[in-house]
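Visitor: Residue 69 in my numbering sits at position 69 of the sequence shown; the count goes up by one each step and never skips.
Mixed in with the good hints, there may be bad ones.
Here are the computed lysine-lysine pairs in the PhoX-like style, where the Cα-Cα straight-line distance is at most 20 angstroms [said to hold, decoys possible]:
{"#": "1", "residue 1": "71", "residue 2": "82"}
{"#": "2", "residue 1": "36", "residue 2": "47"}
{"#": "3", "residue 1": "46", "residue 2": "36"}
{"#": "4", "residue 1": "84", "residue 2": "74"}
Label pairs and their calculated CB-CB ranges [stated by the list, open to error]:
{"#": "5", "residue 1": "26", "residue 2": "46", "range": "25 to 35 angstroms"}
{"#": "6", "residue 1": "3", "residue 2": "23", "range": "25 to 35 angstroms"}
{"#": "7", "residue 1": "53", "residue 2": "75", "range": "32 to 42 angstroms"}
What the hints contain is simulated information worked out from the structure, not anything from laboratory work.
Ideal Cβ placement from N, Cα and C applies to all residues, glycine included.
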Amino acid sequence: QIAEEAGQLVQGVVPNIQETAKLIQEIASASEDQAKGVNEINEAMKKLDGAASESSAASTELATTSDEFDKMVKKIESQVSKFKSE
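Assemble the whole structure, with the sequences as input and the hints as a guide.
Guide: Shown next, in the form of structure tokens:
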């Protein structure tokens, strides 16, 4: 009778073990999906950072070019005013 009760207990535990194993597999799969998502976000952030750096460099170059253009305009205005004076 003890053996029979032990057998029934084992039969009762086996489905729980199988369900637990199934849940562990689902958790592992979800964790893998999350890891892929995090990697995709990291790659997107790297691209965004690169784009921001390029934009910053372009803005700096544009500001420098604008300053140079302003200096050239002032020189031309100065030269033109000399012609007007004569």
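Visitor: Against each hint, give a clear statement of whether it holds in the structure.
Guide: Quick rundown of the hints versus the structure:
1. 71 / 82: Holds. Residue 71 to residue 82 sits at ~17 angstroms (cutoff 20 angstroms).
2. 36 / 47: 17 angstroms, holds
3. 46 / 36: 15 angstroms, holds
4. 84 / 74: Between residue 84 and residue 74 the Cα gap is close to 15 angstroms, so the pair holds against 20 angstroms.
5. 26 / 46: 25 to 35 angstroms: For residue 26 and residue 46 the Cβ distance comes to about 31 angstroms; the hint holds.
6. 3 / 23: 25 to 35 angstroms: 30 angstroms, holds
7. 53 / 75: 32 to 42 angstroms: 33 angstroms, holds
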